[in-house]
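> For reference, the chains in residue letters:
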Amino acid sequence: MFVKQISVFLENKPGKLSQVTDILEKNNIDIKAISIADTTEFGILRMIVDKPKEAVEAIKAEKFPVSTTDVLAVEVTDKPGGLNRALQILNDAGVSVEYLYSFIKRNGERALILFRVEEPERAVEVLQSAGIKLYSTEEINSL
Amino acid sequence: MHWNKTRECIDREQLRSYQLTKLKETIDRVYHNVESYRQKMQEIGVIPEDIKTLEDIRLLPFTTKQDLRDNYPYGMFAVPIEEIIRIHASSGTTGKPTVVGYTRRDISNWAELIARSLVMGGGKRDSVVQVSYGYGLFTGGLGFHYGAEKLGAVVLPTSGGNTRRQVMLMKDLGTEILACTPSYALCIAETLEEMGIKQEELKLKTGIFGAEPWSDNMRKDLESKLGIKALDIYGLSEVIGPGVAAECMEQNGLHIAEDFFIPEIIDPVTEEPLPEGERGELVITTIDKEGLPVIRYRTRDITSISYKPCACGRTHARIEKILGRTDDMLIIRGVNVFPSQIESALMAAGDAEPHYLIIVDRKDNLDSIEVWVEVSEQLFADEVRKLEEVRKKITSSIYTTLGINVNVKLVEPHTIERTEGKSKRVIDKRKL
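These protein sequence lines are chains A and B, in that order.
For the first sequence, this note's numbering assigns the number 1 to the initial residue and increments by one for each residue that follows.
For the second sequence, this note's numbering assigns the number 1 to the initial residue and increments by one for each residue that follows.
Bear in mind the hints are in silico, worked out from the structure with no lab data behind them.
A hint or two may mislead.
[To be verified] Going by beta-carbon spacing under 7 Å, a handful of chain A positions derived as facing chain B: (1) F9; (2) A37; (3) T39; (4) E41; (5) F42; (6) S67; (7) T69.
[To be verified] Okay, the calculated bits of chain B under chain A, using three or more residues with CB under 8 Å as the criterion: (8) 198 to 208; (9) 405 to 411.
All residues carry an ideal CB built from backbone N, CA and C; glycine is no exception.
Produce the entire structure from the sequences given, and follow the hints as far as they go.
Right under this line is the structure:
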């Protein structure tokens, strides 16, 4: 029930971000979701792509530090309170959220949010018990 | 295993007696053949006959790099130029380099020293020895070359550079002993990884690394990355080149060849001799050098000496791994800092890849240090929090070791310049 997210370490210098998008374009890799966590010194670029293995290899070859992480693709209603419901469920179960960001595509009236949580197994359990849908990699790719 | 057991394991009383004979000979020779030494000795009213015991070495004046510069190029040679068969020059940071000269016997003696070090590292006649120190005016390459040839080993004179090719030869030709700078050894280790070559595919047993200071933590890192025993070797071209002192498998100090050199440790400021075990500046007197003998040469290297017996059986004294030099020592906010200490602290913080750069600056009259650390695959974590933790760990480790607060900046891999020779670890922007 997990989706592979790619993280890249970027120094805070002009052009760093576009170096990465350049690599993706050259390798014909499509971005499905993207976000950056930034500090004064550096940033961590996080992405969901259609071909994670190739992306990792291509980015690594250009000497960027890359890692992959498992994240959850959580479906929420695209209405006020949609995200709140999912967060409350995790909160009540004591599961901590590290970060989240949203997917580019939607599924009709439903929005897709990517969560990185501290206890992935437990998060899957409590969300699914509350009737919340989690997307698999295949389902993401078919959007 | 010893290359020259008679000499290396000689009884100390016999050694001292031999040293005194050779010292007297040397002083007599330089007094009569080298104007600079004669002048200096006359200035303080000392003649060769005044040297009656080994302790009388303290009556003699010191020699510094400046003396060699002032007598550039041949002013301090003790033999006519036709007896010189080799010249080496050390990198001069300002103006003219320091020129050193060797007679045929000097070259042979130098090779003897290296042969000893190779045998300390397990070298034999069938060992493939890869000499990746630079060949040329620098003493590293040719020094090891002649020493390995003297041993009768299989010499692979790759010099520095062309690392991927070197690594291929290392694998195909079955290199057993690698001789290069520790920072180049790290380059080689990285290249091995990039090329996907595993330790099992190599015949590497020992590394003999020197020409720059390197910490015990760096040693552990190289040993694990290359699957070798990493031994230290010390020398300076003004004295002869690499081989002045070399580490045995005990890895507990470097044996200084006391049949060729008399070492002293002095306080670099007061110039007074320091007792066994205390750290100070290493001073060396050559007692069997023809071309360019040096008397009480101030090496500017900081170490301590031990005359205690070594488990390897060699009776020559040991000097501690060189911590740094009196002149690459930084003084930051009043604290003496050696770049090698920062390296130690980085490695003690765990995970840190030792590619680092120290930038010293002064802002508003306050010294600041920034340490750039390259983020490797192993170091990188997906969360800002975790990376911040790594930074904090490094900062705290440096604080624990040195008592100063530094700013740690994480940079991308390969941001810091790689060099085949001695690496430049410090950029001091202060105008002191």
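> Hints first: check each against the structure and report whether it holds.
Hint-by-hint comparison with the structure:
Annotation: interface hint on F9 (chain A) holds; nearest CB of chain B at approximately 5 Å, less than 7 Å. Restraint check, A37 (chain A) versus chain B: the minimum CB separation of about 5 Å is within 7 Å; hint holds. Checking T39 (chain A) against chain B by beta carbon gives a least distance of about 6 Å; that is within 7 Å, so the hint holds. Residue-level restraint check for E41 (chain A) holds (minimum Cβ-Cβ distance to chain B is 6 Å; threshold 7 Å).
The restraint placing F42 (chain A) at the interface with chain B holds, with a minimum CB-CB distance near 6 Å, inside the 7 Å limit. At about 6 Å, the closest approach between the beta carbon of S67 (chain A) and any beta carbon in chain B falls short of 7 Å, and the interface hint on this residue holds. With a cut of 7 Å, the hint placing T69 (chain A) at the interface with chain B holds, because the nearest CB-to-CB distance is about 5 Å. Counting residues of the region 198 to 208 of chain B whose beta-carbon sits less than 8 Å from any beta-carbon of chain A gives 0, not enough to reach three: the coverage restraint is violated.
Requiring three or more residues with a Cβ within less than 8 Å of a Cβ of chain A, the coverage given for the region 405 to 411 of chain B holds, as 3 such residues are present.
Hint compliance for this structure: hint 8 alone is broken.
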